[in-house]
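Student: Chain by chain, the residues:
Protein chains: 2
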Amino acid sequence: MVERNFHELVAAQWAQKKFLCVGLDSDFEKIPEAARIDGVRGTLVAFNRAIIDATKDLVCAYKPNSAFYEAHGDEGFTALRETVSYIHDQARDIPIILDAKRADIGNTNQGYVTSIFDHLRCDAVTVHPYLGAEAVRPFLDRKEKGVFVLCKTSNHGSAEFQDMDVGGEPLYKIVARHIVESWNNNGNCGVVAGATYPAELAAVRTIVGDMPILVPGVGAQGGDLESSVKAAKNSRGGGFIIAASRAVIFASERKDFAGAARAKAQELDGAIRNAL
Amino acid sequence: MVERNFHELVAAQWAQKKFLCVGLDSDFEKIPEAARIDGVRGTLVAFNRAIIDATKDLVCAYKPNSAFYEAHGDEGFTALRETVSYIHDQARDIPIILDAKRADIGNTNQGYVTSIFDHLRCDAVTVHPYLGAEAVRPFLDRKEKGVFVLCKTSNHGSAEFQDMDVGGEPLYKIVARHIVESWNNNGNCGVVAGATYPAELAAVRTIVGDMPILVPGVGAQGGDLESSVKAAKNSRGGGFIIAASRAVIFASERKDFAGAARAKAQELDGAIRNAL
Numbered sequence: 395m396v397e398r399n400f401h402e403l404v405a406a407q408w409a410q411k412k413f414l415c416v417g418l419d420s421d422f423e424k425i426p427e428a429a430r431i432d433g434v435r436g437t438l439v440a441f442n443r444a445i446i447d448a449t450k451d452l453v454c455a456y457k458p459n460s461a462f463y464e465a466h467g468d469e470g471f472t473a474l475r476e477t478v479s480y481i482h483d484q485a486r487d488i489p490i491i492l493d494a495k496r497a498d499i500g501n502t503n504q505g506y507v508t509s510i511f512d513h514l515r516c517d518a519v520t521v522h523p524y525l526g527a528e529a530v531r532p533f534l535d536r537k538e539k540g541v542f543v544l545c546k547t548s549n550h551g552s553a554e555f556q557d558m559d560v561g562g563e564p565l566y567k568i569v570a571r572h573i574v575e576s577w578n579n580n581g582n583c584g585v586v587a588g589a590t591y592p593a594e595l596a597a598v599r600t601i602v603g604d605m606p607i608l609v610p611g612v613g614a615q616g617g618d619l620e621s622s623v624k625a626a627k628n629s630r631g632g633g634f635i636i637a638a639s640r641a642v643i644f645a646s647e648r649k650d651f652a653g654a655a656r657a658k659a660q661e662l663d664g665a666i667r668n669a670l
Numbered sequence: 395m396v397e398r399n400f401h402e403l404v405a406a407q408w409a410q411k412k413f414l415c416v417g418l419d420s421d422f423e424k425i426p427e428a429a430r431i432d433g434v435r436g437t438l439v440a441f442n443r444a445i446i447d448a449t450k451d452l453v454c455a456y457k458p459n460s461a462f463y464e465a466h467g468d469e470g471f472t473a474l475r476e477t478v479s480y481i482h483d484q485a486r487d488i489p490i491i492l493d494a495k496r497a498d499i500g501n502t503n504q505g506y507v508t509s510i511f512d513h514l515r516c517d518a519v520t521v522h523p524y525l526g527a528e529a530v531r532p533f534l535d536r537k538e539k540g541v542f543v544l545c546k547t548s549n550h551g552s553a554e555f556q557d558m559d560v561g562g563e564p565l566y567k568i569v570a571r572h573i574v575e576s577w578n579n580n581g582n583c584g585v586v587a588g589a590t591y592p593a594e595l596a597a598v599r600t601i602v603g604d605m606p607i608l609v610p611g612v613g614a615q616g617g618d619l620e621s622s623v624k625a626a627k628n629s630r631g632g633g634f635i636i637a638a639s640r641a642v643i644f645a646s647e648r649k650d651f652a653g654a655a656r657a658k659a660q661e662l663d664g665a666i667r668n669a670l
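Heads up: the sequence lines are chains A and B, in that order. The opening residue of the first sequence carries number 395 in the numbering used here; numbering runs sequentially from there. The opening residue of the second sequence carries number 395 in the numbering used here; numbering runs sequentially from there.
Since the hints were derived computationally from the structure, they do not count as laboratory data. Among the hints, erroneous ones may be present.
Intra- or inter-copy, both count: the list cannot distinguish identical chains.
Taking lysine to any residue and the SDA-like style, the derived pairs with C-alpha atoms no more than 25 Å apart in a straight line are [to be verified]: (1) K411 / A485; (2) K567 / E554; (3) K424 / R536; (4) K567 / D557; (5) K567 / E528; (6) K411 / H482; (7) K537 / G551.
Model the full structure from these sequences, guided by the hints.
Tutor: Written out as structure tokens, the structure reads:
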């Protein structure tokens, strides 16, 4: 079996002008009554399936955030695995980014690599930069997978360290430069830069060239879509992933929550195309 | 039921001059034949039980690293939960630090908080600093739990960002200062500084005052125990946790692997006391 290649998968979607990524941040408490069946695991999977069925022709990627599954222990872990499996079966051309924000030292990361890429069968992951390239080598060594390094995050307190002046430049720019210059030997890196800081996003794009940028923070977090798209696109007019989670998957509490999610995804997809 | 308080639990061990933490980094591939029973989950739990039984009177904490359990998916997660449960039952005075190196944005962390503190019932956790205090507030808000922030890590590539000059000081010192000055409102923070860099560890101690320091990197990683203890102890001659993992738990492949683990833990405990 030929291993799935994240960058080929996402590039094929970009070629069709698809740049929206739906974040499967399936907070159990917020799942509409209509999607609830017996048990946590069943409900999480049923909800995700409905969202995937309703959006799979509109997206370039899915991005489950591990925290919402780990909150439910073994059951949640199983629900995450079954969700990924469903995407492999029903939307096989759509890559899956696990938003796990991992990074341990050296060989310890092998456990995360095995869990995320082999056990769960995700195509890409998000990682922290703080421990350096040497530490996250087990992730970087997986050439066919995507490794998105946190650079300028979307939260309102992200300036605390990320904007610190390091020799005349903010730390997030230094991080971006390191990713390009020494982390990306296998051509499998990307960076994360939030839609809530469009100027910083544009600065990151200038540094990373055509490298993929994952852009969270539109929708519920309030990032401006048009300015984010303009800041995020690369020299070929693509190379970015706009991630929206709550705004799409919890678009409605009605029985037709999936239809509402589709409508919201269509709206975002249209807005992204208009901004290109 | 009164909630377990990490800082009270560990302080009670320190009062007995116990500073060793055994890292339950139970890499399945390295578990001796004698500990293997049917299945991954059973083997992980049986091995950990044997190590816990053999060392519980010698340690101030246990520190399972989540990666070694996540590598086995749902089964691994269950094994981790059962291991923590065993410590609660059989070594109830010993706090459990989950080495998970987490940090997501804002409310997303709630999933990790629930998983680590409520579902798994750990007493403390390790977190990344890069997203800032605002992001990890859900961890910091749990007053009775311990939150150890990565500061100067033990890996040989940790200098890449951590030693960068920020206004005349390396970043790791700035991080340490922020932890003291603005992260620790609930008095539940600690920092992580590796034994592989004793001078940096001493610099961290100077900045953080009497705050707890978790010190990984002795044993297999080669950090010097004596200089680490001297650098790590606070004004009261305590306040630190020396974590050793592979050197203890995989001390021998023989049938009496647990006896060998105990002998190694006794050796380290003795060496720590001598260095005080």
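Student: Confirm or reject each hint.
Tutor: Hint check results:
In this assembly of identical chains, K411 and A485 lie within 25 Å of each other by CA distance solely inside one copy; the values are 17 Å within and 58 Å between copies. Taking CA atoms no more than 25 Å apart as the test, K567 paired with E554 passes in both settings, with 14 Å inside one copy and 14 Å between copies. Taking the shortest alpha-carbon separations for K424 and R536, only the inter-copy value of 23 Å comes in at or below 25 Å, while the best intra-copy value is 35 Å. Proximity of K567 to D557 under the C-alpha cut-off of 25 Å is found in both arrangements, the shortest distances being 9 Å within a copy and 16 Å between copies.
In this homomeric assembly, K567 and E528 come within 25 Å of each other (Cα to Cα) both inside a single copy, at 19 Å, and across copies, at 21 Å. Taking identical chains as interchangeable, the C-alpha atoms of K411 and H482 lie at most 25 Å apart only when both belong to the same chain, with a minimum of 21 Å there against 54 Å between chains. In this homomeric assembly, K537 and G551 come within 25 Å of each other (Cα to Cα) only across copies, at 21 Å, whereas the closest approach inside a single copy is 33 Å.
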